[in-house]
Every structure is written in structure tokens, then in C-alpha cells.
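Trainee: Working from the sequences, and respecting the hints, build out all of it.
Top line first, the protein sequences correspond to chains A and B. By the UniProt record's numbering, the letter at position 234 of the first sequence is numbered 234, and the numbering carries on one by one without gaps. By the UniProt record's numbering, the letter at position 213 of the second sequence is numbered 213, and the numbering carries on one by one without gaps.
Accuracy of the hints is not assured; some may be wrong.
[Stated by the list, open to error] Below 20 Å or equal to it, Euclidean Cα-Cα: the simulated DMTMM-like pairs (lysine to aspartate or glutamate) are:
(1) K278(A) to D108(B)
(2) K94(A) to E380(A)
(3) K94(A) to D108(B)
[Stated by the list, open to error] Coverage of chain B stretches by chain A, computed from C-beta distances (three or more under 8 Å per stretch; other residues unrestricted):
(4) 128–139
(5) 216–229
The hints are simulated quantities; they were obtained by calculation from the structure and are not laboratory data. Using N, Cα and C, we set each Cβ at its ideal position, and we do this for glycine too.
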Amino acid sequence: MTAPAHDSPPAPHAARSTRPPSEDYGPSVPGFEASGGDWDEIAREAIGEERIVVNMGPQHPSTHGVLRLMLEIDGETVTEARCGIGYLHTGIEKNMEFRTWTQGTTFCTRMDYLAPLFQETAYCLGTERLLGITDDVPERASVIRVLMMELNRVASHLVCLGTGGNEMGATTVMTIGFTAREEILRLFEAITGLRMNHAYVRPGGVATDAPEGFTDQVRAALPKVRGYLGQLGDLMLANPIFRSRLTDVGVLNLAGCFALGITGPVLRSAGHPYDVRKTFPYSGYETYDFDVPTDTAADSYSRVVLRLEECYQSLKIVEQCLQRLDDTVGAPVMVADKKVAWPAQLSVGSDGQGNSLDHIRQIMGTSMEALIHHFKLVTEGFGVPAGQTWQTVEHPRGELGVHLVSDGGTRPYRAHFRDPSFNNLQAVSVLCEGGQVADVVVAVASLDPVLGGVDR
Amino acid sequence: MTPDEGREVARGGHDLPEPTAELVAERTGMFGAHGTGDTSGYGGLVRTVTMPPAAARPYGSWFDEAVDVLAEVLGEQGVTFGDAVERVTVFDPRRRDDVDPGTDPSDDAELTLYVAREHLVPVCQVLRDDQDLRFELSLGVSGVHYPEDAGRELHAVYHLTSVTHARRLRLEVTCPDADPHIPTTTGVYPTNDWHERETWDFFGIVFDGHPGLARIEMPDDWPGHPQRKDYPLGGIPVEYKGATVPPPDTRRQYS
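Mentor: Dropping the structure here:
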């Protein structure tokens, strides 16, 4: 088949939707053209060669959101894979520059919506470092943060495993994964009032203490979660179909991981035990007993195994947290400095969670200074000394970094989030090229990208 | 050049006995109101925005050793340390009030090297490859816009991690708004590919030599770079399939 020259672009009024076979291909080759965006350009490049350009997404169900993959395929083999992102960009970082430091948690919790508590904690740890109050954060607040993050890690991994299974047709894996996640979301709801978008971790501590009986509720839920994890393991790990679909697919070795800045389970599947919780401990992680599982196969299957293992390790940390919570009942969960601590005293009223009426009555009725202080702190916020900081936490998908710059004002001068999904998506070409089209879905699922975090 | 000489240049020579803070901006008034609109009575307030000053030796912790090694290896390559690294700062939020060079920095201290843009790539190469430095993991690029920092308006901030030595280091590179060019570091750290695209997208810093410096988050034909301080939050009319969606504050009101 010879390629006709494309001297002139198609007339602007030419039919742009699906149309009959183009004359470019000759009469014997049936084909249809899609249009929109830069698609015409990509398709024009490909004409004349025995290759097909497939646009996968941004609305494809197995791209974990609005990820667009541009695949160049030769038969069943992917010869080139490119990512298009930005469909979910909402300017969260820009918005944060216009809100107080406390309001920032409300924004960053919406980035990676499957792991909201990690963004909140990283952001608050960074803010506390700029304030120089890292050591003043109460022990109980740190324990609650660790507890919430580890529960969140399990919930996030469950979605990864569940949707990953669903994309290969294993619907039961998905339903079990989401049922187990539901148990954890109920715990979140009990303590923060919300299932996602918590804004629970605040600079200086956490918004509110764990309610009475919370540790018992967690203790009751843990065996169920563990049971579901066992079922997931039974369903996936020994399943010959599952194994053959994932083994040796999406391989990325250690050198590739470091070159591309890949962290988290993908790096650990290549054999390196790098985990921020161990290397640069924060929130007291150095005082917890847990292991960092690794593997050396560096393929999608080993990442599934590692995520399951990490869930068990997280549950181990959760149990240690529960013990510490029981030991510190009644201890403060916010720094003592009233110039930083959010003044709201939350309580559970008849209409759900809200400001404590007693507190409001007190400041309104007895102390004008307290009222002024409350008003200033809520509307204007607290000032943070000028400087910049870099704080990272171990996110379910890798190393989440927060770069905060303050100019001494009451709002961040710049807040930048290095989201692990954003970085890890760079590996898609390496993981997919040379493999089969069907393996693209498996390889992308093994990276576990969440587009809310990628695009921010 | 010996590391000792590099140390002096990093401090700005012997002429400056005390480190002075780096002035980046000056703010007046409060509440964002100016001129006749300012009824707050705070219009006369002047607040200076300063960034941490150049640090004095000894920096403390592992910082001295790392800077010495960097100076030595750069010297072997014929690069003067003072030319490559304009300033070394140690930002320690817990030591801010009593600037005492004698005490060791706290665990929160962060080392920043302000690198001249023409020397960025060799510095990265040394930081990655030298066995005593081994900053093998780059965690991306972050841009910051300081419109009042004349001649150095745009900053690109690189965060490097040494997994081997459990250390973290920040490189800061500046470029003027009129000449927003910084060499790409993708040759040393391929992971910076997307991060540099993002910084170009949001700040307009051109990373020379980048393999494909296209917009990544914003649409390809978007005018302007949204994270810059002179770019408004919202208020941009958005065109979608021929129809124009007006900014939120100019839409029809239902009240």
C-alpha cells in the first residue's frame, strides 16, 4: 500500500465525525476515522505504514479515571505508548495560595482521593516544620495520624487490587475489595464524619479526638478486613489464570525505577526496600514494629503480592496504634499554642458534628478577647515564618513530597505536591512497549495511578 | 580551587561577618487594599519578606562534608565551586531566633544549594555519581515565582534524595523573567521529564534541551502560565466547543 502525499490538510468543513473509508487507504481497506484534538495529526503521521494508532481513554473504564493512552500497535504488539494527562487538572495548588494554612488541608485532601489522609498529613507536617513546632505536636495526635494513614493505605490498596482484578474480568475480586474497603470507610466516618475529603489532619494536630469506643470499633472491624484480605489472596495468588496474566508483565528493573524516580510498591518489587517510613521516619514511625516486604521479580504479579503483604503490615501497625490510643485517653490532640490551634471545639450535636455550643456560649458571653482571637484566627489565619520546606511521606503509591514556601504571611506562598502517581505514570512507555495490547491494562493497573493526584 | 576557597565564596567572602537575610519582597498595608480603598488604617505598614541568609561554616550535621566533597569533585573537573554554587543556605526553623553558628542544626534543618544555571547539569551529575554523595533519586522539580526578586524572578527547585546515605538536598536555580531558560536535567535524572514539563506549563520556565517540552496539565493552546503570581485565580473565560463559559463572577445571578 503506498502512501499518498498529504500536501493539503482536509478542508475545515469536511465531515469531522465518523465517515466512510478514506481515500488514503485505497478502496480495499475499510476504515473509520475519529477526530478531535490532535488526533488528525497523529493519524496522518501513521498513514502509509502498517501500524495502527489507538486512542485509549480518557473515558476508558480501565484507565483508572481520565488517563489517555495513545498506543501505536503492530498486530497485537504495542510499539509505542504515550500518556496524555491533565483532564482532571483543577488548580488545587493555585487555590491553596489564596487560602489560609489551615484551609489548605481542605484542598490537598482532594488531590489523590483514594489516599486523602496522606496528603493532609504531609502538608501538615510541612507546615509544622515551617512553624518549628514539630516536637510540640501531641503524641496522641501523631498516633491518630499514623492509625488513619495505615487504615487508608489498606483501603487504597484494596481499591488497587479490586479494580485491577475487575479490569481483567475478575469481578469477585472487585466486589470483595470494595466490601472490605467499606469497613474502613465506616471507621473514617466514625472519626472524621466523612468517607473522603476529610480535612481531618490540621496543622498542629487533628481536628477532633477519636470518639468514645472508637478503638473497640476498629478492633471489631480488623478481623473482617483481615478475612477479606485472605479471600483476596486465595482468589488471586494461586489462580493460574491470574498468575499467567500478570507474571512477567510490566517489568521494570531497579535501575529503571531509580532513573524514573519510581518509588513505593513498584520500586520494592524490584528488590529495593526503600520506604520513607524507615529511611526518613515521621510521626513516630521509628517506634512502630513493622516490616517492609520486597520482591525481586519486578513484574505486575509481584506488585500484587507486595500490596497484599503491605496491607497485613499496616494492620500490624494499626493494632499497635490502638494500644497507644487506649493508653492516652483524654490526652490533647492539638498543640497547646492557642495562636496556632484552631479554636473550634467540635462536639457531636443532635444534627451531627459541629462547633461545641458551650464553647461558643463561653467566648460570645464571657470573653471579648477570646471572641476577637477566634475571629482573627479563623478569618485571617496564623502567620508562618518565611522559608521553605520539603516533607515526604510514604504514600500507598510511593513517595509523596510536599514543597511549601512561606513569605511570612497567613497563606502559603507556594504549595507544590510531588504526587507519586504523576511521577510513576512516566513508566507507562517502558512497561508497555514491546508487550501485547491486553497487557497494557495490567501494566497500568500495577502502577495504580489515581488521576486526581496526577492532575491536581 | 580548594574546598576552603569555595567555602569563602559561598559565604560571600570575609567582608560579611554576619549572614544577612535574603530580601525577596517588600509588602505594605494589610488586607490587600491600597490607595483610597484602604480604610483599615494599616496602609503604612511595611513588611519585608526575607529568605534564609547564606549559611556560615560550620553548617553542622553532614552538610559540611557533602559540600566539601561537591567542591572537591567539581574542582577536579575544572569548575570553580564559587562559580557553580552561588550560595549555601541551611534553613532550620527551630534555630531561627538565635542564629548561633556554633550549635548543631536540628533534625528539621534543610540544606539548599543555589546553583548557577549554566552549572546545573554538571552539579547534578556529581551529586548523583560521586560515591560520597549518591543523590540517586530525584523527586522532581517545583517552580516558585518571586515577581519582586528582580533579575531572579523564576526559581526552579530540585529535591534530591540519597537513599544510600539517607540524606536530602535541595537545589535552587534562578532565572530572570526576561530570559526564562534553565538547562534540562533529564540527561542526569530522566524522572525530571514530566516535572520540567509541569514547571514549564505553570511558570513558563524553558528547560533547554528537554526532549519534548510540551504543556502537560493545561490544554496545549492555553495562553499564559497559571501558577505565576501575575496570573489571576479564576476569571478566565473558557471556550468549549464554540461556546464561551464566562468567569464565575460574571455569570447570571439567580438571587
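Trainee: Does each hint fit the structure? Answer for all of them.
Mentor: Tested hints:
1. K278(A) to D108(B): Cα-Cα ~17 Å, so holds.
2. K94(A) to E380(A): At roughly 18 Å apart (the allowed maximum being 20 Å), E380(A) and K94(A) satisfy the hint.
3. K94(A) to D108(B): violated (26 Å)
4. 128–139: holds (count 4)
5. 216–229: holds (count 7)
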